[in-house]
Amino acid sequence: MGSASSMLTQYDIEEVQEHCDHLFSQQEIVSLYERFCQLDRNAKGFISADEFLSVPEFAMNPLSQRLLKMVDGLNFKDFVAFLSAFSSKASAQQKIELIFKVYDSDCNGKVSFNDIMEVLRDLSGPFMSNDQREQVLVQVLKEAGYTKESYLSIDDFFKVFGSCGLKMEVEVPVD
Amino acid sequence: MARTSGKLRSSSSGLFSDRPEVEDHLSLGCSVSEPPPKLQLRDLLDITPSLTEAAGAIVDDSFTRCFKSNPPEPWNWNAYLFPLWCFGVVVRYLILFPLRATVLAIGWIVFLSSFIPVHFLLKGHGTLRKKIERGLVELMCSFFVASWTGVIKYHGPRPSMRPKQVFVANHTSMIDFIVLEQMTAFALIMQKHPGWVGLVQRIILESVGGIWFNRSEAKDREAVAKKLKDHIEGTGNNSLLIFPEGTCVNNNYTVMFKKGAFELGCTVCPVAIKYNKIFVDAFWNSRKQSFTKHLLQLMTSWAVVCNVWYLEPQTIRPGETPIEFAERVRDAISKRAGLKKVPWDGYLKYSRPSPKQMEEKQQSYAAAMLQTLEVDAK
Numbered sequence: 001m002g003s004a005s006s007m008l009t010q011y012d013i014e015e016v017q018e019h020c021d022h023l024f025s026q027q028e029i030v031s032l033y034e035r036f037c038q039l040d041r042n043a044k045g046f047i048s049a050d051e052f053l054s055v056p057e058f059a060m061n062p063l064s065q066r067l068l069k070m071v072d073g074l075n076f077k078d079f080v081a082f083l084s085a086f087s088s089k090a091s092a093q094q095k096i097e098l099i100f101k102v103y104d105s106d107c108n109g110k111v112s113f114n115d116i117m118e119v120l121r122d123l124s125g126p127f128m129s130n131d132q133r134e135q136v137l138v139q140v141l142k143e144a145g146y147t148k149e150s151y152l153s154i155d156d157f158f159k160v161f162g163s164c165g166l167k168m169e170v171e172v173p174v175d
Numbered sequence: 001m002a003r004t005s006g007k008l009r010s011s012s013s014g015l016f017s018d019r020p021e022v023e024d025h026l027s028l029g030c031s032v033s034e035p036p037p038k039l040q041l042r043d044l045l046d047i048t049p050s051l052t053e054a055a056g057a058i059v060d061d062s063f064t065r066c067f068k069s070n071p072p073e074p075w076n077w078n079a080y081l082f083p084l085w086c087f088g089v090v091v092r093y094l095i096l097f098p099l100r101a102t103v104l105a106i107g108w109i110v111f112l113s114s115f116i117p118v119h120f121l122l123k124g125h126g127t128l129r130k131k132i133e134r135g136l137v138e139l140m141c142s143f144f145v146a147s148w149t150g151v152i153k154y155h156g157p158r159p160s161m162r163p164k165q166v167f168v169a170n171h172t173s174m175i176d177f178i179v180l181e182q183m184t185a186f187a188l189i190m191q192k193h194p195g196w197v198g199l200v201q202r203i204i205l206e207s208v209g210g211i212w213f214n215r216s217e218a219k220d221r222e223a224v225a226k227k228l229k230d231h232i233e234g235t236g237n238n239s240l241l242i243f244p245e246g247t248c249v250n251n252n253y254t255v256m257f258k259k260g261a262f263e264l265g266c267t268v269c270p271v272a273i274k275y276n277k278i279f280v281d282a283f284w285n286s287r288k289q290s291f292t293k294h295l296l297q298l299m300t301s302w303a304v305v306c307n308v309w310y311l312e313p314q315t316i317r318p319g320e321t322p323i324e325f326a327e328r329v330r331d332a333i334s335k336r337a338g339l340k341k342v343p344w345d346g347y348l349k350y351s352r353p354s355p356k357q358m359e360e361k362q363q364s365y366a367a368a369m370l371q372t373l374e375v376d377a378k
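So the protein sequences, as listed, match chains A and Z. The UniProt record's numbering numbers the first residue of the first sequence as 1 and each following residue consecutively. The UniProt record's numbering numbers the first residue of the second sequence as 1 and each following residue consecutively.
Check before you lean on any hint, since a few could be wrong.
Selected chain A positions facing chain Z (in silico; Cβ < 7 Å) [as the list claims (entries may be wrong)]: (1) 59; (2) 65; (3) 68; (4) 128; (5) 138; (6) 160; (7) 167; (8) 172; (9) 173; (10) 174.
Rather than coming from a laboratory, the hints here were simulated on the basis of the structure. Every residue gets a Cβ at the ideal spot worked out from N, C-alpha and C, and that includes glycine.
My request is simple: use the sequences and hints to build the entire structure.
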């Protein structure tokens, strides 16, 4: 592990906990810090895109580039805040907000037909043609009462995902 | 009508995860009697499986765990242990280390002063020269082992130099080969390192024979495979020692074995090495320290304790592919040394995964989506 900066004081831990709305326990934050220091090879205070991609499991994920834009260069506090959506204590609302952010890559507060198409492209790669993707999406949107020109807001996302539980949890290993 | 929901699993191609498998995106009812239900917007927008996998990988992944140093627990944490520890530091750095450095220096002098004459004077007497050189290398390795107070226990029958056999072992540090070479002069296949290490490697190669390879050259693989074959077929060559993991792993895990050693059509003799971390962690974390620093660390610790097991020689079974053979041997070595297996290629330490693995995920997703198109078409 690390260098001189690998000691977290109680103050630090509490500050980070505040920042992530207490969605992680103090022990989990300590574990996450160890992990952060492990990935941040030269103790720069943030993890670069290259260092994220050195985790093969992450590099192989179809959404890795999208997520990279969201996590690249985050300091530890924001890193924990990003991961807090995956805590078992996080609400469905927080999880849906993260999903929305993943779709809304231009951060304009609305998800367009093209935004969804791009995520579909990431997920299906060269194994579907654009036309096929469009066909599926148009059909599905129509059934839900939207059109190709519709923009989905975060409220639309809340409505679509509804009250069914979202399975989006990651366990932080605690020694 | 009852709905059975079959879930489409992403093809994980043997991916190992401590977490329960994350299911794929689209859960389509797959009962025989009725067509799958229509795809809904919610299902389409639901990217949680991929997201969860990615976040899980960020939080903890089995590949990085393989290369994490696990130094021994510090025991100097109270009032009377601390002075004891300080005393120990003094002994280790000011008494043991100079002693060991001297032993090593003497060893080098003895080795070089015997090796160089023998090498040139006995040029005509091939076999005698080889025999003496082998003995000298074994002696030199014993000096090395003494220089870090190696406490090495060998189990199992000593390797005998027979033709058409290779030895494979798990890899933790460059000292692995010194540990093994002390007992038997193997020929080696190694990645050339810069600096004094490279010089030492050249000397060793001269004496016991061996092969160079370069990780970064992809075409190199065929050239290396040919060199391996030539070496095995050549008479009078020492048995080859190969570390099929291709990189140093932290001695708690084994990564996938490269099949090169297993498709040579000869007997494979597995050797398992397990270091006891009680005094020092013998894992050479090449990302964190140079080999010189690593060696110094070893030379200023109390001892390097390890167990070496020579396992039963294996040959490829009829109908077994080299990869399966490699896995079988890896299984035997991991079991013997108490190591966990992970399905990763060690070379991912140096390069990105090939796009093929991502494409497999994309392909299964696309297949599920296309299936819904067909349903709509009906």
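Going down the list of hints, with the structure as the test:
The criterion of a C-beta within 7 Å of any C-beta in chain Z is met by residue 59 of chain A, whose closest approach is roughly 5 Å, and the hint holds. The criterion of a C-beta within 7 Å of any C-beta in chain Z is not met by residue 65 of chain A, whose closest approach is roughly 10 Å, and the hint is violated. At its closest, the beta carbon of residue 68 of chain A sits 10 Å from a beta carbon of chain Z; the interface hint therefore is violated under the 7 Å criterion. Hint status for residue 128 of chain A relative to chain Z: holds, with the closest Cβ pair at about 4 Å, below 7 Å.
For residue 138 of chain A, the shortest C-beta to C-beta distance to chain Z is roughly 11 Å, which exceeds 7 Å, and the interface hint is violated. This hint holds: residue 160 of chain A has a C-beta 5 Å from the nearest C-beta of chain Z, less than the 7 Å allowed. With its C-beta approaching chain Z no nearer than about 6 Å, residue 167 of chain A sits inside the 7 Å limit, and its interface hint holds. A hinted interface residue such as residue 172 of chain A counts as satisfied when its beta carbon comes closer than 7 Å to some beta carbon of chain Z; here the least separation is about 6 Å, so the hint holds.
A hinted interface residue such as residue 173 of chain A counts as satisfied when its beta carbon comes closer than 7 Å to some beta carbon of chain Z; here the least separation is about 5 Å, so the hint holds. The beta carbon of residue 174 of chain A is not positioned within 7 Å of any beta carbon in chain Z (closest approach about 11 Å), and the interface hint is therefore violated.
When held up to the earlier numbered hints, the structure conflicts with 2, 3, 5 and 10 and fits the remainder.
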